[in-house]
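Going line by line, the protein sequences match chains D and C. Using our numbering, the letters of the first sequence map in sequence onto residues 15 to 259. Using our numbering, the letters of the second sequence map in sequence onto residues -2 to 250.
It should be emphasised that the hints constitute simulated quantities derived from the structure, not laboratory data. Do not take every clue at face value.
Here are the computed lysine-lysine pairs in the BS3-like style, where the Cα-Cα straight-line distance is at most 27 Å [what the hints assert, rightly or not]: (1) Lys35/C - Lys226/D; (2) Lys200/C - Lys55/D; (3) Lys67/D - Lys192/D.
If you're wondering where the values come from, they're calculated on a predicted model, not measured in any experiment.
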Amino acid sequence: MAEVKEESKDEEVRKIVLPGDFIADKAGKKVWGGAYFEGEKVYSKVLGMPRIKENEISVIPLSGNYIPRIDNRIIGVISSVEVSGWMVDINSPYSAFMPVGEGVDEFVDRDRTDISRFFDVGDAIFCKVSKVTKDKTVRVSMRGLGARKLYGGIMIKVTPSKVPRLIGRGGSMINLIKSRTDCVIYTGQNGVVWIRGENKAKAIEAVLMVEKESHINGLTEKIEKMLSEEDDKKSEKKGEDDGKD
Amino acid sequence: MIKNLRRKVKMMVKTDEKLIVKGKRADGRKLLEFRPIKMETDVVNRADGSAQVSFGNTRAIAAVYGPRRLFPRFMQESDTGILRCRYNMAPFSVDERKRPGRSRRGTEISKVTRHAFEPAVFLEDFPKVTIDVFIEIIQADGSTRITGINATSVAMAAAGIPMRDLITACSVGKVDGELVLDLNGIEDNNSDADVSFAMMPNKGLITLLQMDGRLTKDEFMKLIEIAEKNCKKIYDMQREVLLKKYESGSEKK
């Protein structure tokens, strides 16, 4: 019984607010994300976890679709090839366009080249949102650190607002999953996670667990426990198999 | 007499019987008492957010999709998103079969539901896209639009749609000369007046106000007061059901 109590202390659920809930006084702070202000009072827009920092107030939503913002690093899928670029499905109500110049480093003569030889329909890319206009016309680019085409692997979708939790402070959570499962994992801020490797089933399980329990404190330890448990099981099983041999 | 009344209650027709006897209503409630209210989230798997709400025998399922791409393109607004609502009564929701499909009444209720939500939703955050709301009444026994609005509010919050406040609704009216809360089917059919009411409880702003019948100004103001007070009770229930989703370790999905 005592154990359960200890665990529940670990599992302390973060504070959750609903639309219209008063969060704090504005007091000159920046209000963004799922928060809005009326006069000097800051309220929540969404069902989520409030965050009050030294100079900003925000609410991290627990659900909702991806709305592109500049400099987001996302995973997209080419949905069509146009004359001067590609349309990219970015797991959002808005689709994005990638011009040839932003997608390819070398010079391309558009009149003579079929640009589907660089990217074709169905290709997955890890790219960056380079421009978002007021009416949400979106441009993505392959320029920038780490942008690349993703070969093979498997893509899963998580709630976009939970991606920072999946990455963890300084990448702690994602690095844990990567190292324990020996998988290559790319996380797009649009909620698409791309996984390649032998143990991808295990990695997927871990990612989905983070998504499910993102509002709980001490999650990294829990995931670590879960991954090591599976390691134990595997080694036990291996041991048994060895015994049989 | 009661037996006779029960039969009539089932038939949902006009009755000459007294519906309020010694301060008690036909179904045994006090004047200002809700029917048993139940709320549940995540009842439609494919929706971004969904809820089922029942007020006694009235039961509504609301499913919210979006923000999602809007077609045909001429409907797109470049500076704001749009909200589309569809209120529909299932053919089996009433005693006499309801002819399926759109009707004058359904169109009107869809419209007032949309108007009830438009002031609350941050549509300007989503230019060119749509938020779609589908309300299905699977069992009708009075106050269906109210039940639908309450379900939609919970479904929208669950879907992560940015809103200024939750929308909470209730119905009030005048039956047999008495002011009552939460009219059921037979009371609705035999009422002197009924008022549908929706508001943002934290802001104290009214987003839906419809009246049918006759009331004096004093009675009307009294009813608004009753409605405002009782909306807070429903608001607490909406809060509870939404928070319940996240109170334990594993989120229900």
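Checking against the hints above, which ones are violated? 3
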